[in-house]
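Chains as they are written, first to last, in numbering that gives the first Met the number 0: chain A, 0 to 364; chain B, 0 to 162; chain C, 0 to 262; chain D, 0 to 367.
Since the hints were made in silico from the structure, they are not lab data. Please note that the accuracy of each hint is not assured.
Keeping only pairs whose Cα atoms sit at most 30 angstroms apart, straight-line, the calculated DSSO-like set for lysine-lysine is [to be verified]:
id, chain 1, residue 1, chain 2, residue 2
1, D, Lys170, A, Lys335
2, B, Lys36, D, Lys297
3, A, Lys165, D, Lys340
4, B, Lys47, D, Lys189
5, D, Lys189, B, Lys82
6, A, Lys165, D, Lys10
7, C, Lys31, D, Lys32
8, D, Lys183, B, Lys145
9, B, Lys145, C, Lys125
10, B, Lys82, D, Lys10
11, D, Lys10, D, Lys32
12, C, Lys125, D, Lys32
13, A, Lys101, D, Lys10
14, A, Lys165, D, Lys183
15, A, Lys335, D, Lys183
16, C, Lys31, D, Lys170
17, D, Lys191, C, Lys35
18, B, Lys145, D, Lys32
19, D, Lys32, B, Lys29
20, D, Lys183, C, Lys31
21, B, Lys36, B, Lys82
22, A, Lys306, C, Lys125
23, B, Lys47, D, Lys191
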Amino acid sequence: MTATIYSVVNALVVLLLNLLGPYVPGSGPYGPFVATWLSYLVVGGIVLAFSMVNVLVFIWWERKLLGRFMDRRGAMHVGYAGLLQNLADGLKLFRKQPFAPKDADEMGYYFGPTAYLVFSMAILGFLPISFGVSGGLVPLSLLVALALFSFAPLFIFIASWSSNNKYSLIGGMRTAAQLVAYEIPLLLAVVAVVALTGSFDINTIVGDQASYGWFALPLLLGLIIFFIAMLAEVERIPFDLPEAEAELVEGWSTEYGGMLFAFTMLGDYVRALIGSYLIVLLFLGGWSMPWGLSNYPLAGLVFFQVKTYIVFAIFIWVRASLPRVRTDQLLQIGWKRMLPLAMANIIWALALVVWGYPNIHWPVM
Amino acid sequence: MPEENPPLRPLIPGITAQFPQDVTVLPRRKDMLAVLKVTPARVAEVAKYLRDVGSFEHCALVSGVDWVDHLEVLYHLWSDSLKGYIELTVDLPSEDPHVPSVTEIWRGANWHERETWDMLGVRFDGHPDLRRVLMPEGYQFHPLRKSFELHEPEELEVKARHV
Amino acid sequence: MAQVHEKTIKRADPPHAAVTGIVVYPMATVAKQFVKSLWRPSTILYPFGERLENEDFRKSVKVASGAPIGVGEIWDNYRGVHALNIKTCISCNLCAFSCPDTCIEMVPVDTGSGKTKKCPEIDYGKCSFCGFCSDACPEGCLTMTPGYTITTNRRGNMVYSPERLFEVYKGKLPQNPTSLAAPENEDVILLDQDLCIGCNACSRDCPTKCIRMIDIPKPEAKAGEKLPKRIWKEPSVNDSECVRCGTCISVCPRECLYWGARK
Amino acid sequence: MTHGLWNLRIKVDGELIVDADPEIGYLHRGIEKICEYRRYNEVVTLMDRTCYVAGIAWEQLYIMAAEGALGLSPPARAEYIRVLSQELQRLSSHIMWYAAYVQDIGLMTPFLYGMRDRDLILDLFQSYTGARMTYEFMRVGGVRNDVPVGFTDRCRKVMDWLDQRIPEYEKVCDNSTIFLDRTKGIGILKAKECLNDGITGPMLRAAGVARDIRRDRPYSVYPELDFDIALYDEPDCYGRYRVRMEEMKQSVRIVRQVLDWLDRNPGPVLAEKVPRFVGTPSPPPGKETYVERRGYPKGRGFSSMEEPHGEAMAYIINEGAEHPYRAKLRSPVFVNIAASKDYLVGYRVSDIPAIMGSVDVCVGESDR
């Protein structure tokens, strides 16, 4: 239970360094230092590979599903059923020359999307993804994940501001307003879950769900609020105002091309991935399986991934059937509808706790 | 006396009585309720009369023709109650043509007049915003004048090859 | 007589819209389409689908969840690449005359017996596929076919020489049946006899050889009058063979031939 | 928004629009000028390119004016085929509008549905005109060819298909709260202002003014056909959407009547007394004396019709030459764009796609 990806990697690295003996600096006085940073690198690489593979499949999944929703086929040509299309797109974007617009602030221009992607990906280092499988064991993993998740508006705003383009700037402003507005219902929906479990540790939350049933049932309202707020957080239709292509050319990423554009898109999808993960972890039982199968990490991982893809499929379904809302309507929905509902949800969760969830003693009528 | 159209029977005598010097009734064509020839100076007044008295509330088209020796400006007005068009024609000199604007009467005539200025060089006095519409600002010519010659396709081809 | 009513549309909100309307209706509609299109998406996989034989292609392409209406069918009167039968072409120039885009040029073609004749060469870079040329062709030798794959990466390849158009003709593409019939009362070539000098140019260049030079009597010169210097022949046009191409008019040095209604 | 290139300068106060100045002309191709250099039938190729989603409407508009100027009239079957083309074109244009409009306000699925069903109509066009978008089908004095064998059955199949599909379009939008929020009460232009601005077509009928050239000044064989004029009582984006949806249903109705007529009445499709000069060869350049000798009729032709976007007009002056002396086209979109200040001011920047989309802008047509 205490083994994490980091601890396994660290042990392997230390073993390797010891085997190599005097030929590498790992055995000197800086040994522990080198070993630690080397394992950070390896874990980073694993997280990168994991997130990238997931994102590529995500994009493929969206293309195919959206295609069928729209009565067409989606990507068809590269690889089997277009599986490699995203790799081809990525390769194409990778080969483009990166350049900044003439009057752009270069540092912010390059820093914005990069940090957006990196900080989004870093969350994956803390999220447990199966029984006993997580990048690093942090007691407050949920809190860390949500904190990192809320960094995005800052980087988007930096990127849009330094692009020196009016569409980018409007898109960036809208992003900031939108993300701030929906951060609060999102966190309030999480508060209800935390109130039920009494812990910020995702492992505990999933463990509780394995024991007492998914939180989606007692906290259905919370799930809906969390889902809608997550749609807004990851900027998907109907809340994709920051890149409303009909009025702002491409929103805050208008000026980006080549690999930097790929960063913005990858960042979006990594955030969508994490959003789906969080929904599954908090409300849909995470990797917990029926029939007491939870002790097999790999099976748990597969089950967890399947749930994630189903959640993302609902994201896609919503995208395929709803138009985009307007800025003022978006903020109205956020502040006037979602916030009171989230409050009500917390009160409901507290009532559940008072009544002794999961063994509810209904108050006598 | 040209053949009269029953729906217009009260209107045509009325307008000729109102503007005896300035309105001539031309022979009717079968696709028009009536064709009136108006002197340039009184166009706006005749138009206002037609809108208010004759219920021609829709100014469908303002256009022009270059007859080399003179210009002709055409107004086509539609009436929902009479269900038909009426045509006003105004003859203008080729050099420095001026005609009063009807934009005050129908806002919809705004861009038609701009286009007529753009294409034929007719100045509409009193127009709020007489700029070019289709051709770029600062363009030298009025392309629908007959003096503006198109290149033969062969010429264009030769030019295109050399570019 | 027709019934034309004014129909003010009532508001379409169903009574339960307030409850179900938010997302349920559109999402349900889209999901229904999703299930249908799982089996039969409407996409035609163009370059791959095309390789099927024509009949099979028509049968295999179906609209999602619907009766096979026949998407992607190319009917026989599609106006695509031209087909030219060089052998029956009479070099009348009508196609080049009637082309609004001046994309047809008459180029000499070797007829095999050492002689050359002029046949149309078409530049598809300019062609708008309007079909005026094939409508105008009096012999029916220039037609349009359902072929539409003319894409190429060199501009020069867009110019189809007569030989290349002849290859299209020899291919198995169905012919476009449309051709405008000549109107009953069409104009004929008329002669202004006073201007004619009997030079034979019209007869020489007539593609259908329907102009014959006939002898006319040389009038007696009156006293003091000088007879015009000319050859005492004038053209006579056989109207039933004439295709009204106007070649004679364009070659006439004295502008003495013209179109007009038959007297 | 989707149809072509134009420029809208707006002045904003925060997100509110306080002034708007549309600029067009980026697609100006000088069609009116080129018309003066082309023979009567050859102009048809230009008319297709005037509006690239409603090509055949402009063909008929021009042809009607040219026939008026030349004093010709087509046979009845040609008229019915023309009306069939008109209504199919209206269907295809409105479907295209619907597809692009919902795409403009952020939903892409109906775009694909619309394009799928429009393709069936384009296939129909292809089966009898020979092309999918640039038809070149109308001729002075008739149409180029008759409909092929089996066309009417096939067309009925497509109409049955559309009968199922148009309610589906409505389902995606009518009950979607977000769609209603984006369109209701947006872009209001009252009937009086519409009349003053010269606005025509579905925009005017959404304001409750029952003006439809097909009924008020009937052309072709519209007097023989039954149809309803769709009206709506609120002049906002939603009303325009409702009007177009209803017009599509009415077009299906008209097409069915025309198909029944075509089945019963065979006949010629081109008038017999068409002078040769309207299409085919002319005197060689520089020999204009022949034109004078031939004694062509002179005249002026005027036509107006209910194009999918509104009231379109053509005015052609025939001075007895091979070419029109002057051809003037009135585009409804030109006027509707010109009035855009009146219905944009007071709304938000995010509303611009919704409002301008509901106008059904086709810049190729407005710039000519």
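Right, here's what the structure says about each hint:
Among the hinted pairs, Lys170(D) with Lys335(A) is consistent with the structure: their alpha-carbon atoms are about 28 angstroms apart, no more than 30 angstroms. Between the alpha carbons of Lys36(B) and Lys297(D) the distance comes to roughly 20 angstroms, so the proposed pair stays at or under 30 angstroms and holds. At roughly 22 angstroms between alpha-carbon atoms, Lys165(A) and Lys340(D) fall within 30 angstroms of each other, so this suggested pair holds. For the suggested pair Lys47(B) and Lys189(D), the alpha carbons sit about 22 angstroms apart, so the restraint of at most 30 angstroms is met.
Note on Lys189(D) and Lys82(B): the hinted pairing holds, with a Cα-Cα distance of about 22 angstroms set against a maximum of 30 angstroms. Between Lys165(A) and Lys10(D), the direct Cα distance comes to roughly 14 angstroms. Compliance with the 30 angstroms bound is thereby established for this hinted pair. Of the pairs offered as hints, the one joining Lys31(C) and Lys32(D) is violated, with about 51 angstroms between alpha carbons and a cut-off of 30 angstroms exceeded. This hinted pair does not check out: Lys183(D) and Lys145(B) have alpha carbons roughly 49 angstroms apart, beyond 30 angstroms.
Simply put, Lys145(B) and Lys125(C) have alpha-carbon atoms about 27 angstroms apart, close enough for the 30 angstroms limit, and the pair holds. As the CA atoms of Lys82(B) and Lys10(D) are separated by approximately 39 angstroms, the hinted pair breaks the 30 angstroms bound. For the given pair, Lys10(D) sits about 35 angstroms from Lys32(D) by alpha-carbon distance, which is inconsistent with the 30 angstroms threshold. The straight-line distance between the Cα atoms of Lys125(C) and Lys32(D) is roughly 20 angstroms, inside the 30 angstroms bound, and the hint therefore holds.
For a cut-off of 30 angstroms, the pair hint linking Lys101(A) to Lys10(D) stands: about 26 angstroms separates their Cα positions. Restraint check for Lys165(A) and Lys183(D): satisfied, since their Cα atoms lie roughly 29 angstroms apart, inside the 30 angstroms limit. Of the supplied pair hints, the one linking Lys335(A) and Lys183(D) holds, its CA atoms being roughly 20 angstroms apart against a limit of 30 angstroms. Of the supplied pair hints, the one linking Lys31(C) and Lys170(D) holds, its CA atoms being roughly 12 angstroms apart against a limit of 30 angstroms.
Pair hint Lys191(D) plus Lys35(C) does not hold up; C-alpha atoms about 47 angstroms apart against a cutoff of 30 angstroms. Of the pairs offered as hints, the one joining Lys145(B) and Lys32(D) holds, with about 9 angstroms between alpha carbons and a cut-off of 30 angstroms not exceeded. The hinted pair formed by Lys32(D) and Lys29(B) meets the criterion: a straight-line CA distance of about 26 angstroms does not exceed 30 angstroms. With a CA separation close to 27 angstroms, the supplied pair Lys183(D) and Lys31(C) stays within the 30 angstroms bound.
Proposed proximity of Lys36(B) and Lys82(B) is supported: the alpha carbons are some 21 angstroms apart, at most 30 angstroms. Taken as a hint, the Lys306(A) and Lys125(C) pair is broken in the structure, with Cα atoms around 56 angstroms apart against an allowance of 30 angstroms. Note on Lys47(B) and Lys191(D): the hinted pairing holds, with a Cα-Cα distance of about 17 angstroms set against a maximum of 30 angstroms.
Violated hints for the displayed structure, listed by number in ascending order: 7, 8, 10, 11, 17 and 22.
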